[in-house]
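K.L.:
Sequence:
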Amino acid sequence: MTDIEPKSILYCGICSWPPEFCEFGITKKKCQTWLNENHPDLYQSVYPTAGNLSTANTPDESNKKSKPNTTDEKDITGETTGGEDGSNDDIVTKKLLEKGVSELSISKEEKLQQELNKRAAKEELKLERKQLEKISNSKIIIKKISRNKKKSIVSISGLEILETTAGTTGTTNNKVSIKSLQKKFSSKFATGTSVVKNAENKSDILIQGDVFEEVHQFIINLLQEQGLNDIKIELTDDKLKKKK
Numbered sequence: 001m002t003d004i005e006p007k008s009i010l011y012c013g014i015c016s017w018p019p020e021f022c023e024f025g026i027t028k029k030k031c032q033t034w035l036n037e038n039h040p041d042l043y044q045s046v047y048p049t050a051g052n053l054s055t056a057n058t059p060d061e062s063n064k065k066s067k068p069n070t071t072d073e074k075d076i077t078g079e080t081t082g083g084e085d086g087s088n089d090d091i092v093t094k095k096l097l098e099k100g101v102s103e104l105s106i107s108k109e110e111k112l113q114q115e116l117n118k119r120a121a122k123e124e125l126k127l128e129r130k131q132l133e134k135i136s137n138s139k140i141i142i143k144k145i146s147r148n149k150k151k152s153i154v155s156i157s158g159l160e161i162l163e164t165t166a167g168t169t170g171t172t173n174n175k176v177s178i179k180s181l182q183k184k185f186s187s188k189f190a191t192g193t194s195v196v197k198n199a200e201n202k203s204d205i206l207i208q209g210d211v212f213e214e215v216h217q218f219i220i221n222l223l224q225e226q227g228l229n230d231i232k233i234e235l236t237d238d239k240l241k242k243k244k
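Using the UniProt record's numbering, you'd call the opening residue of the sequence shown number 1 and step up by one each time.
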């Protein structure tokens with residue numbers, strides 16, 4: 001059986017690629033010069049239209065070639081690289097790639113942040129719309145309940161809207177708890193107050209005494225302070241209902 005001799009492949013002394021691929025690299029001109037000087041026959045085959053490159057150097061070229069390979073040069077990124085043995089091109093390429101990746105990463109981060117800001121703005125707008133809808137559908141009911149001919153109490157329901165909504169147009173914009181309202185009513189009208197659960201398991205405030213009109217005005221002022229003027233107030237007097 002006849003042994004097959006391995007084919008000898010020539011590699012460029014500059015970029016280490018086969019000469020046929022040098023034209024696709026960033027050191028094409030150096031590769032051409034190396035191939036013309038070391039393998040002129042192959043040079044004519046690879047670059048048939050390029051013509052012979054003069055091996056005679058101009059004074060400037062001679063000066064450049066006389067520089068040792070260890071001479072440092074500045075690459076286009078402004079940093080020092082190696083000599084002219086081809087390693088400097090690799091360094092420049094690497095730095096350009098690193099710079100490109102860095103800029104790309106920054107660009108992606110900026111786009112991501114912009115997208116997050118847009119989503120946050122949309123979510124905030126969505127919540128604001130829900131809040132406005134909740135306010136427009138809310139109603140505080142002030143009811144006067146007669147116990148006997150002389151005694152009565154005032155029941156206030158629907159106050160939970162003040163605990164969950166801070167207001168959108170007012171100047172105070174502080175949520176108000178049912179417990180704090182009870183204390184305010186007790187102090188304002190110098191009477192007994194209590195918090196009870198209604199049929200819907202929500203908290204109502206009961207105020208002893210005939211303070212129906214005063215409570216109504218107090219609630220109006222409170223809603224104005226909270227910027228919740230869109231909340232409706234319903235007044236009910238069970239004594240008038242009985243007469244009807």
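The reader is advised that the hints may include incorrect statements.
Straight-line distance between alpha carbons at most 27 Å, and here's what the computed DSSO-like set of lysine-lysine pairs gives [claimed, not checked]: (1) K179 - K144; (2) K134 - K179; (3) K144 - K130; (4) K108 - K143; (5) K143 - K118; (6) K151 - K118; (7) K108 - K134; (8) K188 - K150; (9) K144 - K118; (10) K122 - K108; (11) K183 - K232; (12) K144 - K184; (13) K184 - K108.
No lab work stands behind these hints, which were simulated from the structure alone.
The structure displayed is predicted, hence computed values, not measured ones.
K.L.:
Compare the structure with each hint and give your call.
P.N.:
Okay, the hints, checked on the actual structure:
1. For the suggested pair K179 and K144, the alpha carbons sit about 21 Å apart, so the restraint of at most 27 Å is met.
2. Our distance criterion of 27 Å between C-alpha atoms is met by K134 and K179, whose separation comes to about 22 Å.
3. In summary, the hint linking K144 to K130 is not supported, as the alpha carbons are separated by about 32 Å, beyond the 27 Å threshold.
4. Pair hint K108 plus K143 does not hold up; C-alpha atoms about 60 Å apart against a cutoff of 27 Å.
5. Proposed proximity of K143 and K118 is contradicted: the alpha carbons are some 46 Å apart, above 27 Å.
6. The suggested pairing of K151 with K118 is violated, with an alpha-carbon distance near 58 Å, which exceeds 27 Å.
7. The straight-line distance between the Cα atoms of K108 and K134 is roughly 39 Å, outside the 27 Å bound, and the hint therefore fails.
8. As the CA atoms of K188 and K150 are separated by approximately 21 Å, the hinted pair is consistent with the 27 Å bound.
9. A C-alpha spacing of about 49 Å is found between K144 and K118, which places the hinted pair above 27 Å, so the restraint is violated.
10. Restraint check for K122 and K108: the C-alpha separation of about 21 Å stays at or below 27 Å, so the hint holds.
11. Note on K183 and K232: the hinted pairing holds, with a Cα-Cα distance of about 23 Å set against a maximum of 27 Å.
12. Among the hinted pairs, K144 with K184 is consistent with the structure: their alpha-carbon atoms are about 19 Å apart, no more than 27 Å.
13. At most 27 Å may separate the alpha-carbon atoms for a hinted pair to count; K184 and K108 exceed this at roughly 54 Å.
The structure is inconsistent with the numbered hints 3, 4, 5, 6, 7, 9, 13, although it conforms to all the rest.
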